[in-house]
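A.B. asks: Just so we're aligned: 114 in the working numbering is position 114 of the sequence shown, and the numbers increase by one with no gaps anywhere.
Simulated from the structure, these hints should not be mistaken for lab results. Computed from a prediction, not measured in an experiment: that's the story for all the values here. Any given hint could turn out to be false.
[As the list claims (entries may be wrong)] Computed spacing ranges between beta-carbons, pair by pair:
hint : residue 1 : residue 2 : range
1    : Asp77     : Lys45     : 24 to 32 Å
2    : Val6      : Ala161    : 53 to 61 Å
3    : Ala58     : Glu37     : 27 to 35 Å
4    : Pro43     : Asp77     : 14 to 22 Å
5    : Thr170    : Asn69     : 55 to 63 Å
6    : Asp211    : Ile112    : 42 to 50 Å
Virtual Cβ for every residue (Gly too), placed ideally from N, Cα, C.
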Amino acid sequence: MADSLVLTGVKDVKKHTGTEMLLTRPKRGGDTHSLKEWWKVGPNKCYVMCTVFDVTTANGTVKLVLDSNAGTNLRIDHDGSFNFDFYGINEVRRGALFTSTYELIEHYVFPIISGGKVMTVTPAGGASRPNATPTDTSIGTVTISGQTAPADSTIESYSVAVSGNATSLTYAWSVSGSGAASGGSTGSTFSVAYTGTTDASTVTCVVTSGDGTATDSPATGTLSIAIPTA
């Protein structure tokens with residue numbers, strides 16, 4: 001989504017096209033908020049009277065701050081991802097973007113000071129814009145396919161598939177009983193050599209996701225193998 005509005009003075013909002021930017025009023029009353037000079041480093045900071053907008057998307061909320069006065073006039077465009085463009089700027093010297101708890105993300109120097117374009121300053125150690133919460137994924141059902149009644153002295157190949165949407169998958173295969181691994185055991189396929197014993201076997205694959213959002217990692221699939229026949 002996106003939003004746009006025109007701020008006139010310290011509190012008058014016109015031509016508002018969306019709902020993401022919301023003018024806020026201080027709890028103490030009045031029309032402007034009192035904030036310390038965010039562009040200065042060190043303890044000797046004065047307070048500045050500002051207009052503050054809460055800017056909210058599905059990712060969270062930030063605060064857009066402008067050192068406004070009675071003569072302020074500018075258009076603010078928001079792209080839906082906490083990035084802003086400013087147009088027709090009059091009587092506003094500085095602005096800033098804060099987290100919802102007033103941690104400084106970046107600040108803006110407007111043409112009355114910069115003498116040209118709006119300058120965006122990213123302070124060292126500044127906070128980050130809110131990001132979308134990662135969507136949970138899952139490995140789902142682990143299904144092993146391959147020969148379940150192998151002949152004696154044969155090598156059979158098995159493959160694995162998952163029903164979920166997790167990514168960055170790794171595999172750990174094993175076999176019990178009369179089967180023995182023939183080759184590697186960490187790929188999406190696995191080879192088993194069957195010898196002349198009378199033991200049934202079980203082929204197992206443990207699947208792990210490295211994407212950090214899988215709710216069921218690791219997940220295990222098994223396939224029962226009958227007693228080898230001559």
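A.B. asks: Can you let me know if the beta-carbon spacing of Asp77 and Lys45 is within 24 to 32 Å?
C.D. replies: Once the Cβ atoms are compared, 30 Å apart, the range 24 to 32 Å for Lys45 and Asp77 holds.
A.B. asks: Note whether the CB distance of Ala58 and Glu37 lies within 27 to 35 Å or breaks it.
C.D. replies: holds, 32 Å
A.B. asks: That 14 to 22 Å hint for Pro43 and Asp77 (C-beta), does it hold up?
C.D. replies: violated, 36 Å
A.B. asks: Is it true that Val6 and Ala161 lie within 53 to 61 Å of each other by Cβ?
C.D. replies: This hint holds: roughly 56 Å between Cβ atoms.
A.B. asks: Taking 55 to 63 Å as the hint, is the beta-carbon distance of Thr170 and Asn69 inside that range?
C.D. replies: With a Cβ separation near 60 Å, Thr170 and Asn69 satisfy 55 to 63 Å, so the hint holds.
A.B. asks: For Asp211 and Ile112, compare the CB-CB distance with the range 42 to 50 Å and indicate the outcome.
C.D. replies: holds, 47 Å
Taken one by one, the earlier hints fail for this structure only at number 4.
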